[in-house]
Structure formats: structure tokens, C-alpha cells
Amino acid sequence: MEILTIIYLTYSFIALYFLFLFFLIYIPNRKEMFNFPNLTKEYSLSIVIPCHNEEETIGGTINSLLELDYKGLKKIIVVDDCSTDNSYKVIEAIAKKHPKVMLVKTPKNTGKASGAKNYGAKFVNTELIGFVDADSYPQKDSVNKMVGFFDDIKTGAVTSQVLVKRREKFIEKLQAIEYKIIAFSRKLLGFIDAIYVTPGPLAIYRKEVFDKVGGFDENNLTEDIEITWHIVYSGYNVKMSLPAKAHTISPDNLKDWFKQRIRWNVGGIQTINKYKKTFLKKGMLGNFILPFFLFSWFVGIFGIFILTYRFLRRIFINYFFTAYSIKAQTALLTLRDINLTPNVLVFFGIGILILSLSFTAIVLLHLRETEFKKHGFLNILSYMFVYLLAYPFLLIASIYKFLRKKRSW
Amino acid sequence: MLGNQKNAIWEALLLTIVVFIFGIFLGMAFEDSKFNEINEYYSQSELSLMDVIALNNLLDLKSSDCNLLIKSNTEFADKIYAEATLLEKYESSGKITSTLKIAHKKYDLLRTFLWINSIKIKDKCPKNYSFVVYLYEYEQKDLTQKAKQGVWSNVLFDLKQEEGNKIILIPIAVDSNLTSLNSIVSKFNISEFPVIIINNKDVITELSTTNQLKKYLS
Chain P
1 MEILTIIYLT YSFIALYFLF LFFLIYIPNR KEMFNFPNLT KEYSLSIVIP
51 CHNEEETIGG TINSLLELDY KGLKKIIVVD DCSTDNSYKV IEAIAKKHPK
101 VMLVKTPKNT GKASGAKNYG AKFVNTELIG FVDADSYPQK DSVNKMVGFF
151 DDIKTGAVTS QVLVKRREKF IEKLQAIEYK IIAFSRKLLG FIDAIYVTPG
201 PLAIYRKEVF DKVGGFDENN LTEDIEITWH IVYSGYNVKM SLPAKAHTIS
251 PDNLKDWFKQ RIRWNVGGIQ TINKYKKTFL KKGMLGNFIL PFFLFSWFVG
301 IFGIFILTYR FLRRIFINYF FTAYSIKAQT ALLTLRDINL TPNVLVFFGI
351 GILILSLSFT AIVLLHLRET EFKKHGFLNI LSYMFVYLLA YPFLLIASIY
401 KFLRKKRSW
Chain R
1001 MLGNQKNAIW EALLLTIVVF IFGIFLGMAF EDSKFNEINE YYSQSELSLM
1051 DVIALNNLLD LKSSDCNLLI KSNTEFADKI YAEATLLEKY ESSGKITSTL
1101 KIAHKKYDLL RTFLWINSIK IKDKCPKNYS FVVYLYEYEQ KDLTQKAKQG
1151 VWSNVLFDLK QEEGNKIILI PIAVDSNLTS LNSIVSKFNI SEFPVIIINN
1201 KDVITELSTT NQLKKYLS
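The listed protein sequences derive, respectively, from chains P and R. Per my numbering, the very first residue in the first sequence carries number 1; after that it's consecutive. Per my numbering, the very first residue in the second sequence carries number 1001; after that it's consecutive.
Hint data in this document are derived by calculation from the structure and do not stem from the laboratory. Predicted, not measured: the structure shown is a model, and the values here were computed from it. Warning: the hint list may mix true and false statements.
What the hints assert, rightly or not - To give a feel for the contact side, a few chain R residues facing chain P, derived at Cβ under 7 angstroms:
#1 Ala1008
#2 Glu1011
#3 Ala1012
#4 Leu1014
#5 Leu1015
#6 Thr1016
#7 Leu1109
#8 Thr1144
#9 Lys1148
#10 Asn1154
#11 Asp1158
#12 Gly1164
#13 Thr1209
Said to hold, decoys possible - DSBU-like cross-link-like pairs, simulated, lysine-lysine; straight-line CA separation at most 35 angstroms:
#14 P:Lys41 to P:Lys31
#15 R:Lys1071 to R:Lys1106
#16 R:Lys1105 to R:Lys1006
#17 R:Lys1160 to P:Lys327
#18 P:Lys327 to R:Lys1146
#19 P:Lys327 to R:Lys1141
#20 P:Lys41 to P:Lys71
#21 R:Lys1006 to P:Lys282
#22 P:Lys122 to P:Lys97
#23 P:Lys207 to R:Lys1120
#24 R:Lys1124 to R:Lys1106
#25 R:Lys1071 to P:Lys327
#26 R:Lys1166 to P:Lys327
#27 R:Lys1187 to R:Lys1120
#28 R:Lys1006 to P:Lys281
#29 P:Lys327 to R:Lys1006
#30 P:Lys327 to R:Lys1101
#31 P:Lys108 to P:Lys89
#32 R:Lys1122 to P:Lys327
#33 R:Lys1079 to R:Lys1120
Built from N, CA and C at the ideal position, the CB exists for glycine as well.
Work out the full structure, taking the sequences as your base and the hints as a guide.
So, in C-alpha cells, the structure goes:
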């Protein structure tokens, strides 16, 4: 058997494994995906919003929190991380009208979202502490659908379903699909205690646990991944409430999208590096989350090298084939070149494609929204066959950035 | 409950192994079916070859005519050329087993027979027909040579289309490790493949157009 065939078969095996894993978790839990524990106690809650130059969105974010129907919300602490735009004035105007809103300003720009979040956390003395990004909008009932999970004393954090708010541009439409698949997968991973991130648009932590882990790691670019791993490492569970929704502004151009993804990946690498000693140890973190990350990254990067090799090889052969064909005055393409004979790799490919399409369809059917009914078939195909292919390239760029230690928010 | 949920990790692994093994067996069965199909063609071609050789032997007894012999040889050559084209397509589907590679080797042996027979016929029947032997490397690693082989293949296909029964086209992989083939090839002192040998005398190493090749034909 050729080495390339072995590599392709290995990839097929890995893809099948993860698809089966998701299906095997989904099937018995399909009716519980949107379940959440009813409120038995009104936990006191404060929500911190880190803000740096977000004058256009911060007002909307604060207002969405003011509209929350959770009765235990005591304070909304907006941390202005020395913005150079009008953010401070916008926040100040709202704070004057609403006593729940508290405006604080960092002594100097921390340069990172984690810095502003930790600064805001100093002003919190409630049982729970929540964080909402300054460009995100939790739904009115979202917190109510999250807090019940804290009845379990082992629950350290609860995350929500993050959705894309604006879906006008093509890249936003693709991210809208991506975010849903991420949210759904995260919920599935939650059933096996393998949630690896509590994203910034809306996450709530038990304050005691938050303090125990020392808050957010300010040296990490993805403090929301790091704190989740830290919580799991400390023996607590992280839960996901799929019906709790928060909309967020996603990048609307390639440059910003690329920058955001590089930040996510570099932060991921930092987190892996920090917790590498737990590999195959320490419960689900070392036995599943860390290997899952490492494995998927290795597979992605190695895959892109294989694809690049195949692509360059094909270009090289085609170039010489064309040059020789011109010299020999013969056809560049003939009917004989069309070969429709399938092989075992094609069979596996079709199987994986059907499973992937089914999974995507299940996600999109489950996470239907009233305001955005359709994603469009072309967008779904573009997401599956173009957008996802960018991931490994991002990983390579991220490793390069990580090694060059370029880190800022 | 949670403990049971985590079993999904191992259940998924088990399911993947089962599906994967089933898929591999299915792939092997598929490849075997293609091999069997090719083998059937091969058995028929073997019969045709024996028939041509028998005719050739009759020629030694001067009891057969050249026209019939050339016709049979050409038909046989065309038959295995068409089968080789089919085999080439099937070979790309041979990912797990090496059965189709073995089939290729068997056909190379058959074509070596054809070459030897064509040499004999050419000697005995000095008629207006040519045989073109195309020697290439099956396991060609050099990408430029691989591209060249692809173009040679197209040029020869065009030549065959234009000349029809006037030529016998015999493509043979020289790296099949066949003693008989190596013995014939060694007489030509060829250092690099692909090459074209026309009527056992003209060795062409440079890529040529069909019109240039026609000049070497009888």
C-alpha cells in the first residue's frame, strides 16, 4: 500500500471517529439538548464588560444587559480600558441613568481583554460573576437559562450559545453557520464533560471558583479558553446552556477575521503549552480536551502539508505535460483522461461527506432562529468546502506568530 | 449517567474500527472484482496469443499466408491495447491490494510475446505494416519523465488513430522485471526511458509529433 493511501485512510479513520463520537453523544441526548435546570435559588450576579474603543456597540451591550429578566443581577460593571474614542462618555451617560451600571476605568491601558476583565472582577462581591464582550448582546432570558446549572456545587462555569448578529456580508454568513456548529458541538462535548471554552460574549462563573483559579490569565490571548481549562483542571465542571443565546458582532472583512482567528489559535497554543503536563492525566482535561486539541491541530497541519505537496506536484506535472504536449502537438486533455472508476478512498470520502452533511443539517435544524430563517445552501457548501479549508493555514500562521511572541488584543 | 455518557468515547472508537474494517474489506472486494474482470480478458487474450503463435508456426511450414498472420497479430495487439487502457483506469482504483499491479505485469509479459512475434512476422512477411514499441517506466519517480510519458502516450494514441491497422502499438513497462523483456531491451543500449522503437530498428528518445513518427513507418 502506498504511503499516501495510508495517510488518507488514517485521515478517514479520524474523521469517522469524531463524526461517530458526535452522533453517539447526540442520539441519546437529542431531546435534552435545550434542557436547562429551573431556577431554585436566586444567585446574586454581577456582570463585567471589558471595553476598549467600542463606542459604537457598548451602549447596545449595556442596554441588552439592563433588559435581562434575571432578578439576581446586582451590578453591571463596565471597565473602560483607557479607550481613546468616546466609549467612556457613552458608558458614563448610561451609568448616570441606571444605578446598576457602574463605570470603572483602568489606571492605564492593560492591552488585553483579560486585564480589563480582572480589573472589573475586583469590584464584584456576588456569588456569581458574568462576563460579556462589549460588542455582544445576550438575549433577555439568557441568564435565567444558565444560572440553574450552579445548583450543582461542582459547576464552576456556564457558557451559552453565541450567534452572529450581523449577517449581511458573505464572511458573516459563513461565520453564522460556523458559530452554530461550534455551539452545538460544545453542547455535545458538555455531555462528556469536555467543554474547552467559555466564550466572551456571555459566560458566568461561580465567583469562588473564579477567585480560586486566580481569574483570567493575562498572559494568554484567549483567556476564555485558559480559564475553562483551569476550572476543569481544578476539578470543577463546565456546563453549556444551549437555549441561552448571545449575539455578537463577528468580523466583516477578511483582515479582521484573520486577525481574530490568529489570536484564537495563538491563545490555544499558549493554553496547550501551559497544560501540557496534564497530557493523558488529570481527568477529562488531560485525557480528552488536551489530546483532542493537539490531535486536531496535528491532523490539520500535517494535512495541509500533504495537500500542498500534492498540489505543487500536480502543478509541476501539469506544467511539463503542457510544455511537452505543445512540443508534440498533441491534445492537452482527451476523453481518455476522464476516469470515473471509484476506489476505497472515494467510498470513505462519500461516507464522511454524508455524515458531515447530516451533522450540519442536524445542527442547523436544531438551531433554527425566528429572525434568520435560512442560511442558504450555497453558503453551507462554501462553509464546508472552502471556509473550513482555511483552518490549517491559520494554524500554521498562528504557530509562526506564537514563536515570534506577537501578542496583543 | 455521566459515566455512561463518557462511554461514547470508546463506543465511537469501536464503531469506527468496525466500519473501517468493513470499508477496507469492501474496498478489497471491489478491487478483486476488477482484477477478476481483467483476468477474464487476460485469459481470452492469452488464447488469442496462442492462436497467433500457432499461426506463426504454420508460417514456418509455409502453409499460411502473411495477410492472415498480420491481420491476426494486429487484431490481437489492438485487443490488448484496449484492455490495457481499461486496466490503466482500474489500476487507479487499486489502493489496498496489489492484484491489479500483478495484472499489469501479466499484460506486460503478453505484450513482450507480441513484440517477439511481431519481430518474427516482420522478418517473414515484408509487408507494408509497422510495429511501434513504447517502453516506459511503470514506477516513474521523476516528475518530468512522468509528464513526458503521459504526452508520449497521447502522441501514440493519435498515431494509432490515424494509421489504424497499418501499425501495431505495443506499450510495455520496462520495470516489470521480465527476463525475456530485459533481454530484448538490452540489445538497444537504452539508458533512459521512455523511448519508442519502430520496426525494431529506429530508437526514438526525443519527444516527437505524430507526423515526425510517420516518417519512420514502413
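Evaluation of the provided hints:
The beta carbon of R:Ala1008 is positioned within 7 angstroms of a beta carbon in chain P (closest approach about 4 angstroms), and the interface hint is therefore held. For the restraint placing R:Glu1011 at the interface with chain P, the shortest Cβ-Cβ distance is roughly 5 angstroms, inside the 7 angstroms limit, so the hint holds. Given the 7 angstroms rule on beta carbons, the hint for R:Ala1012 holds: about 4 angstroms separates it from the nearest Cβ of chain P. For R:Leu1014, the interface hint is violated, since its Cβ never comes within 7 angstroms of a Cβ in chain P; the closest pair sits about 9 angstroms apart.
Interface hint at R:Leu1015: satisfied, since its Cβ lies 5 angstroms from the closest Cβ of chain P, which is below the 7 angstroms cut-off. With its C-beta approaching chain P no nearer than about 4 angstroms, R:Thr1016 sits inside the 7 angstroms limit, and its interface hint holds. Because the smallest distance between the Cβ of R:Leu1109 and any Cβ of chain P comes to about 24 angstroms, over 7 angstroms, the interface hint for this residue is violated. For R:Thr1144, the suggested interface contact is upheld, since its CB lies about 5 angstroms from the closest CB of chain P, less than 7 angstroms.
A least Cβ separation of about 5 angstroms between R:Lys1148 and chain P falls short of the 7 angstroms threshold, and the interface hint therefore holds. For R:Asn1154, the shortest C-beta to C-beta distance to chain P is roughly 5 angstroms, which falls under 7 angstroms, so the interface hint holds. For the restraint placing R:Asp1158 at the interface with chain P, the shortest Cβ-Cβ distance is roughly 6 angstroms, inside the 7 angstroms limit, so the hint holds. For the restraint placing R:Gly1164 at the interface with chain P, the shortest Cβ-Cβ distance is roughly 17 angstroms, beyond the 7 angstroms limit, so the hint is violated.
Interface hint at R:Thr1209: satisfied, since its Cβ lies 5 angstroms from the closest Cβ of chain P, which is below the 7 angstroms cut-off. About 25 angstroms separates the Cα atoms of P:Lys41 and P:Lys31, which keeps this hinted pair within 35 angstroms; it holds. With a CA separation close to 23 angstroms, the supplied pair R:Lys1071 and R:Lys1106 stays within the 35 angstroms bound. Restraint check for R:Lys1105 and R:Lys1006: not satisfied, since their Cα atoms lie roughly 51 angstroms apart, outside the 35 angstroms limit.
Of the pairs offered as hints, the one joining R:Lys1160 and P:Lys327 holds, with about 19 angstroms between alpha carbons and a cut-off of 35 angstroms not exceeded. A hinted pair counts as satisfied when its Cα atoms are at most 35 angstroms apart, and P:Lys327 with R:Lys1146 qualifies at roughly 16 angstroms. The straight-line distance between the Cα atoms of P:Lys327 and R:Lys1141 is roughly 22 angstroms, inside the 35 angstroms bound, and the hint therefore holds. Between P:Lys41 and P:Lys71, the direct Cα distance comes to roughly 11 angstroms. Compliance with the 35 angstroms bound is thereby established for this hinted pair.
Distance hint between R:Lys1006 and P:Lys282 is fulfilled; the C-alpha atoms sit about 15 angstroms from each other, no more than 35 angstroms. For the given pair, P:Lys122 sits about 23 angstroms from P:Lys97 by alpha-carbon distance, which is consistent with the 35 angstroms threshold. Distance check on the hinted pair: P:Lys207 and R:Lys1120 sit about 95 angstroms apart at the alpha-carbon level, beyond 35 angstroms; violated. A threshold of 35 angstroms between alpha carbons decides the hint, and for R:Lys1124 with R:Lys1106 the separation of about 27 angstroms falls inside it, so the pair holds.
Pair hint R:Lys1071 plus P:Lys327 holds up; C-alpha atoms about 33 angstroms apart against a cutoff of 35 angstroms. The suggested pairing of R:Lys1166 with P:Lys327 holds, with an alpha-carbon distance near 25 angstroms, which does not exceed 35 angstroms. Taking the CA atoms of R:Lys1187 and R:Lys1120, the gap is about 16 angstroms. The hint holds against a cut of 35 angstroms. Restraint check: the Cα-Cα separation between R:Lys1006 and P:Lys281 comes to about 16 angstroms, which is no more than 35 angstroms; the hinted pair holds.
For the hint pairing P:Lys327 with R:Lys1006, the CA-to-CA distance comes to about 63 angstroms; that exceeds 35 angstroms, so the pair is violated. About 31 angstroms separates the Cα atoms of P:Lys327 and R:Lys1101, which keeps this hinted pair within 35 angstroms; it holds. The straight-line distance between the Cα atoms of P:Lys108 and P:Lys89 is roughly 17 angstroms, inside the 35 angstroms bound, and the hint therefore holds. Taking the CA atoms of R:Lys1122 and P:Lys327, the gap is about 31 angstroms. The hint holds against a cut of 35 angstroms.
Our distance criterion of 35 angstroms between C-alpha atoms is met by R:Lys1079 and R:Lys1120, whose separation comes to about 20 angstroms.
Violated hints for the displayed structure, listed by number in ascending order: 4, 7, 12, 16, 23, 29.
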